Amino acid sequence: MVAQTSSGTATVTLPTDEQILITREFNAPKHLVYEAYTTPELVKRWWSGQRGEVTLAEIDLRVGGMWRYVMVAQGGFEVGFHGEYREIVPNERIVSTEVYEGMPDGEAVDTVTFSEADGLTTLTILVQHTLKEHRDAHINSGMEAGMQESMDALEQVAISLR
Amino acid sequence: MARAATTTDAFNAVAEPRRREILDVLAGGERPVNDLVGALGLAQPQVSKHLRVLREVGAVEVRDVGRQRLYRLNGRALKPIHDWVKNYERSWSERFDRLDVVLEELKQKEADDGGADE
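From first to last, the protein sequence lines stand for chains A and B.
Residue 1 is where the first sequence starts when you use this note's numbering, and the numbers rise one by one after that.
Residue 1001 is where the second sequence starts when you use this note's numbering, and the numbers rise one by one after that.
Check before you lean on any hint, since a few could be wrong.
Some chain B residues close to chain A (C-beta under 10 Å, calculated; not the full set) [to be verified]: (1) P1017; (2) R1018; (3) V1102.
Honestly, the hints are just simulated from the structure, not real lab data.
Because the structure is a prediction, the values reported are computed rather than measured.
Even glycine gets a Cβ: it sits at the ideal position worked out from N, Cα and C.
Please work from the sequences and hints to get the whole structure.
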């Protein structure tokens, strides 16, 4: 088992009514963070977090190319996200659209930046929605997933008590 | 979509950008209204109006010191908003913890390919 070096937790702020900004520092050079962010087999390993399994990660990394991720949460329900790449600067910056397939009206534009100092890489993801309602729903979708996690954890405990 | 009245809901109270600016200034410490007027570049009646909304949801408290009214932030009233965002933050933290593991492997692989160490 590889030692887990946690360089910090994610920080989420809401700079404007339509935005979400996610920031995290990683103990790795930026070309590796970029690689882990843009390689389907690697995205499959981290993108679901504790929430389930990534069953599909398609990345056509060119301007106008599409991406699509599908995750199956522990409860068995499937969630899909997709978008189109608008700007790609290798190891520096990716701009793409993002649509949560459960709420197809709320297309966001994501700007991801990778910046390195002293061997540490700061990753920022700026999610720009067009409406506050969509931004709020986006955050709420995380909340639902969080609740799902808690329910799953509870279920595990219940099973272990049988 | 049904929404609570601005004056009863912390979410709505901070939906106004100017009110968020006031909270940002007060995060730096207690201030008289004149400081807020100066920092925001708004007329005093407007600042007072925003302060009233913030006070009604408990996000801002006031006390009189001599002839001055001093305003201060009450973070507790903003906790529902904090909790709301925290949950989302947690799901990203969990993703990034996994990404850390992937990155350690990539670093190791790169070191091995370089052949210098190990």
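Item to check | chain A contact restraint on B/R1018 - CB to CB distance below 10 Å | outcome: Violated, about 12 Å.
Next on the checklist: Take the shortest C-beta to C-beta distance between B/V1102 and chain A; is it under 10 Å?
Outcome noted: With a minimum Cβ separation of about 5 Å from chain A (threshold 10 Å), the hint on B/V1102 holds.
Item to check | Agreement of hint B/P1017 with chain A interface, Cβ distance less than 10 Å | outcome: 7 Å, holds
Of the numbered hints given earlier, the model fails hint 2 alone.
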